[in-house]
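Trainee: Mind assembling these two chains? They're in different frames, but the hints should get you there.
Top to bottom, those sequences are chains A and B. Counting from 738, one number per residue, gives the positions in the first sequence under this note's numbering. Counting from 15, one number per residue, gives the positions in the second sequence under this note's numbering.
Watch out, some of these pointers could steer you wrong.
[Stated by the list, open to error] Sample of chain A residues with no beta-carbon within 10 Å of chain B, all distances over it, derived: (1) Phe739; (2) Ser740; (3) Phe756; (4) Gly782; (5) Ile787; (6) Val878; (7) Asp910; (8) Gln916; (9) Tyr917; (10) Phe919; (11) Val970; (12) Thr984.
[Claimed, not checked] Looking from chain A toward chain B, a few residues come up when the C-beta cut is under 10 Å (computed): (13) Thr820; (14) Met849; (15) Leu858.
Just so you know, the hints here were simulated from the structure itself, not pulled from any lab data. Each residue gets a CB set at the ideal place from its N, CA and C atoms; glycine is no exception.
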Amino acid sequence: MFSLFESIGRYTLLMKKVFSRPEKMRIYRERIMYEVEALGLNSIGLTAIISVFIGAAITLQMSISLESPFIPQYLIGYATRETMTLEFSSTVVALILAGKVGSNIASEIGTMRITEQIDALEIMGVNSASYLILPKIVATVFFFPFLTIFSMLIGIAGGYVIAVVTGIMIPADYIEGLQYCFVMWEVIYSLIKIAVFAFIITSISAYCGYYAKGNSLEVGKASTRAVVLSSIVIMIFNLILTQLLLT
Amino acid sequence: MIKAQNVIKSFGDRTVLKDISVEFATGQTNLIIGRSGSGKTVLLKSLVGLHNIDSGAIYYDDVCFSELDFKARKAIRKDVGMIFQGGALLDASTVAQNVKLPLDLFTTQSEEEKMERVNFCLNRVNLDNAHHLYPSELSGGMIKRAAIARAIVMNPRYLFCDEPNSGLDPQTSIVIDNLIHDITKEYNITTIINTHDMNSVMEIGEKIVFIYEGNKWWEGSKDDILHADNRELEDFVFASAMAKRAKLAVK
Ligand SMILES: Nc1ncnc2c1ncn2[C@@H]1O[C@H](COP(=O)(O)OP(=O)(O)OP(=O)(O)O)[C@@H](O)[C@H]1O
Ligand SMILES: [Mg+2]
Numbered sequence: 738m739f740s741l742f743e744s745i746g747r748y749t750l751l752m753k754k755v756f757s758r759p760e761k762m763r764i765y766r767e768r769i770m771y772e773v774e775a776l777g778l779n780s781i782g783l784t785a786i787i788s789v790f791i792g793a794a795i796t797l798q799m800s801i802s803l804e805s806p807f808i809p810q811y812l813i814g815y816a817t818r819e820t821m822t823l824e825f826s827s828t829v830v831a832l833i834l835a836g837k838v839g840s841n842i843a844s845e846i847g848t849m850r851i852t853e854q855i856d857a858l859e860i861m862g863v864n865s866a867s868y869l870i871l872p873k874i875v876a877t878v879f880f881f882p883f884l885t886i887f888s889m890l891i892g893i894a895g896g897y898v899i900a901v902v903t904g905i906m907i908p909a910d911y912i913e914g915l916q917y918c919f920v921m922w923e924v925i926y927s928l929i930k931i932a933v934f935a936f937i938i939t940s941i942s943a944y945c946g947y948y949a950k951g952n953s954l955e956v957g958k959a960s961t962r963a964v965v966l967s968s969i970v971i972m973i974f975n976l977i978l979t980q981l982l983l984t
Numbered sequence: 015m016i017k018a019q020n021v022i023k024s025f026g027d028r029t030v031l032k033d034i035s036v037e038f039a040t041g042q043t044n045l046i047i048g049r050s051g052s053g054k055t056v057l058l059k060s061l062v063g064l065h066n067i068d069s070g071a072i073y074y075d076d077v078c079f080s081e082l083d084f085k086a087r088k089a090i091r092k093d094v095g096m097i098f099q100g101g102a103l104l105d106a107s108t109v110a111q112n113v114k115l116p117l118d119l120f121t122t123q124s125e126e127e128k129m130e131r132v133n134f135c136l137n138r139v140n141l142d143n144a145h146h147l148y149p150s151e152l153s154g155g156m157i158k159r160a161a162i163a164r165a166i167v168m169n170p171r172y173l174f175c176d177e178p179n180s181g182l183d184p185q186t187s188i189v190i191d192n193l194i195h196d197i198t199k200e201y202n203i204t205t206i207i208n209t210h211d212m213n214s215v216m217e218i219g220e221k222i223v224f225i226y227e228g229n230k231w232w233e234g235s236k237d238d239i240l241h242a243d244n245r246e247l248e249d250f251v252f253a254s255a256m257a258k259r260a261k262l263a264v265k
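If we strip away everything but chain B, and leave its shape as in the complex, we get (with noise of 0.2 Å):
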């Protein structure tokens, strides 16, 4: 469980994130949603600590996490995987290289026994056969899906993503949620998922907490979002023409 409390973060004198207050649920996945620029990313970031959030408090399960000092998160950070906006892997590295970083730092394991965690990542997101390229030479699906691979090397208790399948295609898009989704069930996982995509929401959405402006503006289940009665959660849930057209065919 992960939860953030009456969290105020601001640029300067921006206000982008206004007294937020959520908890997402361990086991299932989490969706932030919202329009561009509305703080899904500051939110994400203050979450795990890149941001410092000026007041409020975050939680991972009991621990109260905002309050911890550098060396105490460090701790917590081993169980936290992170998918970010552009994959974030190291260009110096190659794909494997990659994925096996957390490995190399922080555990004993034998060489063999590393690789065969890689290689059981990389099979996990169908990317058998990339070990041996660099980030420069992966389509943007391949990185997404290499991030991936990097974020649950650890088995992490807590996963992080920034709108995994922004700018990829629609069946990719799905190859993508449903992964995220599948391991968040089968280890348990508290996901949470920033992205805009209201196909995602559709297809792998069980809590759904709806950013307006910084603010939580509505939170709920995929079921309750065609029916919730917020003007601007309709305007952005039937945002495209065929949402709209479809709306209207029910009526």
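Next comes chain A alone, as it looks inside the complex (with noise of 0.2 Å):
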């Protein structure tokens, strides 16, 4: 229990340290510039493949369960659009993205810690936590919401999709369901998830990797640490978050 609260308290002085007034805005905005490419854009590529899949099982599941002469087709639209829009966009792939871009971040700072990258930096005056850290902070924060509004439409255009190819419902009837009961606060909830999920990927895969030490051995063990840790805080945070905007 102690050594929690001395974790939280580590994390909270790193996290001062990392929001302390940068060097050079311009050094800064290279780095974001770099960072978007390497944790956001890199990432589309997963994103859209899950995406599609889901989006398409979520239909064809409904479509099967909602088998029935009472029930109108156009709800399987209406149910996949709200599974994709307020959970799997945000939670899901966060979690995804955790996996991916947790891991690597924890890894590449681990290893600067300890080939001693992040001591050479700090002997020349730069605060490294900052330096390392901050543009990873900025570039998931601003970008993760774009993953999503995009996982958003490709999932449900992974449905129209099966739709159309399974022949299992009318492709008007699921855009009708679409559009049914369309609630723009359901969307910018979950925007406001992943910001908050990017932060929390990106921040606590960052402290696992700036406080490893040893060999190689303990980067491993720090990466995996961070995506497990980052995905139990997600997890915990979608619920508040969720008691907090939806209700």
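Mentor: Below you can see the structure in the form of structure tokens.
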């Protein structure tokens, strides 16, 4: 229990260092652009593949379980849209990104720690925490919401495609369902969630890497810890944010 | 001048530096020698503030460095260059970007001025054709030389080197030793070098500090070291078979 408080304390101190005044804005802008590419653009493929298949799967499952003359068909489209917007494109996508981006960040920063690259930055007089971590946080918090919107669209398209290909329902009904009872707030809620999750993934993974010590084995452990820890925290914050924003 | 005063440093209940007091003069190459695990790296990292010391004080000229906070240390860090045991170049940047980084962050020079300085430093360490290579594409000696170039790019007043020639062949070692020695003289730098290489000691050692199990066991010049009346130092100096034979021959 004590070590939990100690970890939270060290995490808070690190974040304080991360958010102190940047050395030179121009350098930071360059690094943010670099991280947008490394952490954001490079995740588009993965997000697209998973979203299209999940969207299709939901549509398929719904049309099987809602097969009854008393239930209007358009509800299938409605269910697909709701699942994607409310939960999948934010929370599940965040969990997947925690695996990809989180382990990437933790191992990169962890390797820099054990090969003394972080010490080298400190010796130059650079605030290494801010220099290395802030651009990653800004890049992901800014870019992950676009991934979420992208995932919603692709997932819904996946459902449409499966409807057309299998002929399991009338595509026009599906489209009608998509527009049924649409509440903009649900999309915004999802975008707020993903922005918070982006911060959680990046900051926790960076924390795990930054305090890695020892050898490459430890870096491996740090990156596993980063994924597990950020996933758990994401689940907790998913409940908290839902309670705060939706009820 | 850099001075350590009664420095004590421990990790958990293991005391690694046991009350070390020592002074390193400006414009000369000061060597810290000692066996592997004796505490050389910990001493060097304590001097630059990468380790916080338990008690004692560290002075950079007249400034008590160990009492400064993070911000005030930053000002001094602009005058500090350090070469790490493994080079510690940033993996994601080319050699030229590595050397240029301090200039990017701390000067307002134009791009041409910066590149001119980078070229000068890389030329100084004989790395003219490696600008666009990444650290993973360099040999061990090239990494060390690139690290030296990065350490001197800001014209440091204090230079710290942790085993600058470990893992290098004898010829390259001498080149690097001489390079550090020349730079020290040329720019009147306070240079502190960790080494366990007796060749370096005899080649460029002006002041030599022998660390034994975390204590300062002996200090003196390279002329004294061969005649020092100190059991542990003698064991260290004459550890190699060749040195032993040479000593017997002299007797
Ligand atoms: N971060 C640390 N935590 C705990 N113990 C440490 C730490 N760093 C060093 N030590 C211990 O301090 C002792 C001295 O280590 P140091 O790295 O200074 O040796 P060294 O003289 O530089 O050896 P070498 O010549 O092999 O580099 C070692 O016994 C090591 O176990
Ligand atoms: Mg060492």
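Trainee: For every hint, state whether the structure bears it out.
Mentor: Going down the list of hints, with the structure as the test:
1. Phe739: holds, 16 Å
2. Ser740: About 16 Å separates serine 740 of chain A from the closest Cβ of chain B, which puts it past 10 Å; holds.
3. Phe756: Per Cβ check, phenylalanine 756 of chain A is outside 10 Å of chain B; nearest 15 Å; holds.
4. Gly782: For glycine 782 of chain A, whose nearest Cβ neighbour in chain B is about 22 Å away, the distance exceeds 10 Å, so it holds.
5. Ile787: holds, 28 Å
6. Val878: holds, 21 Å
7. Asp910: holds, 51 Å
8. Gln916: Holds, because the least Cβ-Cβ distance between glutamine 916 of chain A and chain B comes to about 47 Å, which exceeds 10 Å.
9. Tyr917: holds, 49 Å
10. Phe919: Given a closest Cβ separation of 44 Å, the condition holds.
11. Val970: Label holds. Min Cβ-Cβ 27 Å, cutoff 10 Å.
12. Thr984: About 44 Å separates threonine 984 of chain A from the closest Cβ of chain B, which puts it past 10 Å; holds.
13. Thr820: Constraint on threonine 820 of chain A not satisfied, violated at 39 Å.
14. Met849: This hint holds: methionine 849 of chain A lies near chain B, its Cβ roughly 7 Å from the closest one there, short of 10 Å.
15. Leu858: holds, 8 Å
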